[in-house]
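Enquirer: Chain A is already provided as a structure; the job is to place chain V on it using the hints.
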Amino acid sequence: MIKATHRPKHSSIPLLALLLCGLGILALGTGAVRMSPAEVVQALLGPHDETQARILYELRLPRILVGALCGALFAASGAILQGVVRNPLASPDIVGVAAGAGLAAVVNLMLLPNTPAWLLPVGASAGALAAFGLVYVLARQSGEVLPIRLALIGVAVEASLDGLRRLILVRADDSIAQALIFLSGTVYGADWERLFRVLPFAAVLIPITLLLHRRLDVLSFGDETAKSLGMRLEPARLVALALAAGLAAVAVMGVGILGFVGLIAPHAARLLVGPRFGLLLPASMLLGALLVVAADALGRGLIPPIEIPAGLLTTLVGAPYFLYLMRKTGRVR
Amino acid sequence: MRKILLSVLPVLGLGLAQIQVKHELGTLSLNAPAKRVVVLEYSFLDTLLALGVTPVGAATGTQGGDRGLPPYLRARAEGVTSIGSRAQPSLEAILSVRPEVIIADAFVHRDLIPQLQRIAPVVAFQSRRGSFDDLSQQVLDIGRMVGKEAQARQLLEDQERLLQKARAFANPKAPPLMTAVSTPNSFTVHSNESFIGSLLERLGRKNLARPQNNQTQYELSLEGLVALNPATLVVFTAPDETPIVRSWARNPLWTRLEAVRRGRVFEFDRDNWTRGRGPLATRFILAELINSGLLADKPAGGSFAFKAP
Numbered sequence: 001m002i003k004a005t006h007r008p009k010h011s012s013i014p015l016l017a018l019l020l021c022g023l024g025i026l027a028l029g030t031g032a033v034r035m036s037p038a039e040v041v042q043a044l045l046g047p048h049d050e051t052q053a054r055i056l057y058e059l060r061l062p063r064i065l066v067g068a069l070c071g072a073l074f075a076a077s078g079a080i081l082q083g084v085v086r087n088p089l090a091s092p093d094i095v096g097v098a099a100g101a102g103l104a105a106v107v108n109l110m111l112l113p114n115t116p117a118w119l120l121p122v123g124a125s126a127g128a129l130a131a132f133g134l135v136y137v138l139a140r141q142s143g144e145v146l147p148i149r150l151a152l153i154g155v156a157v158e159a160s161l162d163g164l165r166r167l168i169l170v171r172a173d174d175s176i177a178q179a180l181i182f183l184s185g186t187v188y189g190a191d192w193e194r195l196f197r198v199l200p201f202a203a204v205l206i207p208i209t210l211l212l213h214r215r216l217d218v219l220s221f222g223d224e225t226a227k228s229l230g231m232r233l234e235p236a237r238l239v240a241l242a243l244a245a246g247l248a249a250v251a252v253m254g255v256g257i258l259g260f261v262g263l264i265a266p267h268a269a270r271l272l273v274g275p276r277f278g279l280l281l282p283a284s285m286l287l288g289a290l291l292v293v294a295a296d297a298l299g300r301g302l303i304p305p306i307e308i309p310a311g312l313l314t315t316l317v318g319a320p321y322f323l324y325l326m327r328k329t330g331r332v333r
Numbered sequence: 001m002r003k004i005l006l007s008v009l010p011v012l013g014l015g016l017a018q019i020q021v022k023h024e025l026g027t028l029s030l031n032a033p034a035k036r037v038v039v040l041e042y043s044f045l046d047t048l049l050a051l052g053v054t055p056v057g058a059a060t061g062t063q064g065g066d067r068g069l070p071p072y073l074r075a076r077a078e079g080v081t082s083i084g085s086r087a088q089p090s091l092e093a094i095l096s097v098r099p100e101v102i103i104a105d106a107f108v109h110r111d112l113i114p115q116l117q118r119i120a121p122v123v124a125f126q127s128r129r130g131s132f133d134d135l136s137q138q139v140l141d142i143g144r145m146v147g148k149e150a151q152a153r154q155l156l157e158d159q160e161r162l163l164q165k166a167r168a169f170a171n172p173k174a175p176p177l178m179t180a181v182s183t184p185n186s187f188t189v190h191s192n193e194s195f196i197g198s199l200l201e202r203l204g205r206k207n208l209a210r211p212q213n214n215q216t217q218y219e220l221s222l223e224g225l226v227a228l229n230p231a232t233l234v235v236f237t238a239p240d241e242t243p244i245v246r247s248w249a250r251n252p253l254w255t256r257l258e259a260v261r262r263g264r265v266f267e268f269d270r271d272n273w274t275r276g277r278g279p280l281a282t283r284f285i286l287a288e289l290i291n292s293g294l295l296a297d298k299p300a301g302g303s304f305a306f307k308a309p
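Protein chains in written order, with the numbering used here: chain A, 1 to 333; chain V, 1 to 309.
For the record, the hints were derived by calculation from the structure and aren't laboratory data.
Values in this document were obtained by computation on a predicted structure and should not be read as measured data.
Some hints here could point you the wrong way.
As the list claims (entries may be wrong) - Here are the simulated distance ranges between beta carbons:
no., chain 1, residue 1, chain 2, residue 2, range
1, V, Pro121, A, Glu39, 21 to 31 Å
2, A, Leu112, V, Asn185, 23 to 33 Å
3, V, Gln117, A, Arg327, 43 to 53 Å
4, V, Thr255, A, Gln141, 54 to 64 Å
5, V, Ala75, A, Ile303, 18 to 28 Å
6, V, Ser247, A, Ile168, 19 to 29 Å
7, V, Gly204, A, Met110, 52 to 62 Å
8, A, Pro320, V, Gln18, 50 to 60 Å
9, A, Ile303, V, Ser303, 27 to 37 Å
10, A, Ile208, V, Asp66, 36 to 46 Å
11, A, Met110, V, Ala32, 40 to 50 Å
All residues carry an ideal CB built from backbone N, CA and C; glycine is no exception.
Chain A with its partners taken away, still in its complex shape (with noise of 0.2 Å):
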């Protein structure tokens, strides 16, 4: 049966959340006007200056709030993808989400050159879904999905809408590169707007996500166990498969595309509470909002009134994570 070394140590999630509160905490001090926590804590709940409190309230919150949110919706992609296809490398851009969206949001904008702002990540999301259909379609073969082949195929869909994006970028106006910028991932300018914008789809889709733990569990097993366990593996797949995508599209719509969550969070979770998907999932979220909270307010706070975005950030340490992953994985073979 399964090793008995991971022993579910169901305490790291309650300490997890803890530690995600501190740091919003630290996060909402953070930025062009400093102020320590106790300030923070005092402008929220008591008397307060006027500036201050709308620096909370109308900036920070919000922006911190769509920054965790986001965070935990591409480190559950990542959880759903490093089970599934049974590979600690995997992470949303094997599915084509990234290069999905990049692609929709730059065609939206040549066609329609006065896309109202919002409508541009929510077309990057659709992108990045159909952006999952097209890798699907293309690694189903005789009515079934190898992970090793859905991952291949992935990095060519990956690699060729993103070439193509680069063809039409060549041609296009400066003004259209001036709109990418979201797609670099950056919570800059996040407000109460965008975050509402997030929510339901998040709302539907993370219960579901939690509802189906034990069907996960199944998959990441291998295909010979969950075959013998009774389970229909290919419809199993293309649900746990698109949600993954669902999730990650979720979060491109929010924060555009944040480098290396999707595969830092799941793996560093998966280190602290094992490979079981019930505890694997709320850590790997968790762990995920950590890391784009941390992330975005040191970018607020390095260099103030500076911003670096943190997609830069979580890139800058996840680059260097992915090698250790690489080479570690490489080593066991």
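Expert: Only chain V this time, still in chain A's reference frame:
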């Protein structure tokens, strides 16, 4: 009767006591001149400083390829609070200086306007893509907003006199010229409808480049440049960069350019010439223009001659 009407009108105007400024997003109404203004482009900062008004915040930060204050503005803008860069101004920093009005660029800040409007009323002008006339009109509009309309008119009158003076230097028989900003990896033509292009046309020097696809500025390759073959070429570069045009000058094609053969390749500081775009910048530009001999179509000489590699 007419006299009475004329004398009543200003009184009526005073009764409403409203300042109305038309801009790209609509009309801004103010009951009193704005005292606390945040500006998100250098031309607005230049204009306010020329009017003797210090903004409570300006986007003078360096980020995302932004190069900070142009040298000609540095001494004057000392002490102006930076609220981040033009591409990504810090919304918190803007909010914390409690502006009454935010002046934004209609093109650069298009997607940011809803967020800015939640902080304070926003006025958006075409600065980055504006022509010389657009930017002059903005001097008047900004002057009205801050209660310095008379000073703004005076600024424009002085500027007009200076332009007339400079025009006297221009050689009316000179062939059309071409102006472009060159960075380490780009060569961007500024057409006759850009700020600098339209200023030079105003001074009697025709520009070879027209806007393309409604863009007043666009990139060009060496081949494209050779095809257009300008008789005078003006490049704007930064002293701390190696512009791409410097490597083009090693290419045999370069020597076939009419401007190179005639010795009419001029080089100016791109920060001062293309990023300020206000009354102070214009004064600076006119002085260098006359000194360089560009207007008179003399060969480029001294520090204004293109520095070949």
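Enquirer: Using the beta carbons of Met110 (chain A) and Ala32 (chain V), state whether their distance is inside 40 to 50 Å or not.
Expert: 45 Å Cβ-Cβ, so the 40 to 50 Å window holds.
Enquirer: Range first: 54 to 64 Å. Now tell me if the beta carbons of Thr255 (chain V) and Gln141 (chain A) are that far apart.
Expert: 60 Å, holds
Enquirer: For the hint 21 to 31 Å, verify it against the beta carbon of Pro121 (chain V) and that of Glu39 (chain A).
Expert: Since Pro121 (chain V) and Glu39 (chain A) have Cβ atoms about 29 Å apart, the given range 21 to 31 Å holds.
Enquirer: Using the Cβ atoms, figure out if Leu112 (chain A) sits within 23 to 33 Å of Asn185 (chain V).
Expert: Cβ of Leu112 (chain A) to Cβ of Asn185 (chain V): about 30 Å, so the range 23 to 33 Å holds.
Enquirer: Are Ser247 (chain V) and Ile168 (chain A) spaced within 19 to 29 Å by their CB atoms?
Expert: 28 Å, holds
Enquirer: At the C-beta level, are Ile208 (chain A) and Asp66 (chain V) separated by a distance inside 36 to 46 Å?
Expert: 44 Å, holds
Enquirer: Can the suggested window of 52 to 62 Å be confirmed for the beta-carbon pair Gly204 (chain V) and Met110 (chain A)?
Expert: 39 Å, violated
Enquirer: Is it true that the C-beta distance of Gln117 (chain V) to Arg327 (chain A) lies inside 43 to 53 Å, as the hint says?
Expert: 50 Å, holds
Enquirer: Go ahead and decide if the range 50 to 60 Å is satisfied by the Cβ distance of Pro320 (chain A) to Gln18 (chain V).
Expert: For Gln18 (chain V) against Pro320 (chain A), whose Cβ atoms are near 59 Å apart, the range 50 to 60 Å holds.
Enquirer: For the hint 27 to 37 Å, verify it against the beta carbon of Ile303 (chain A) and that of Ser303 (chain V).
Expert: 34 Å, holds
Enquirer: Is the hinted range of 18 to 28 Å satisfied by the C-beta distance from Ala75 (chain V) to Ile303 (chain A)?
Expert: 24 Å, holds
Hint check: a violation occurs at hint 7 only; the rest are consistent with the structure.
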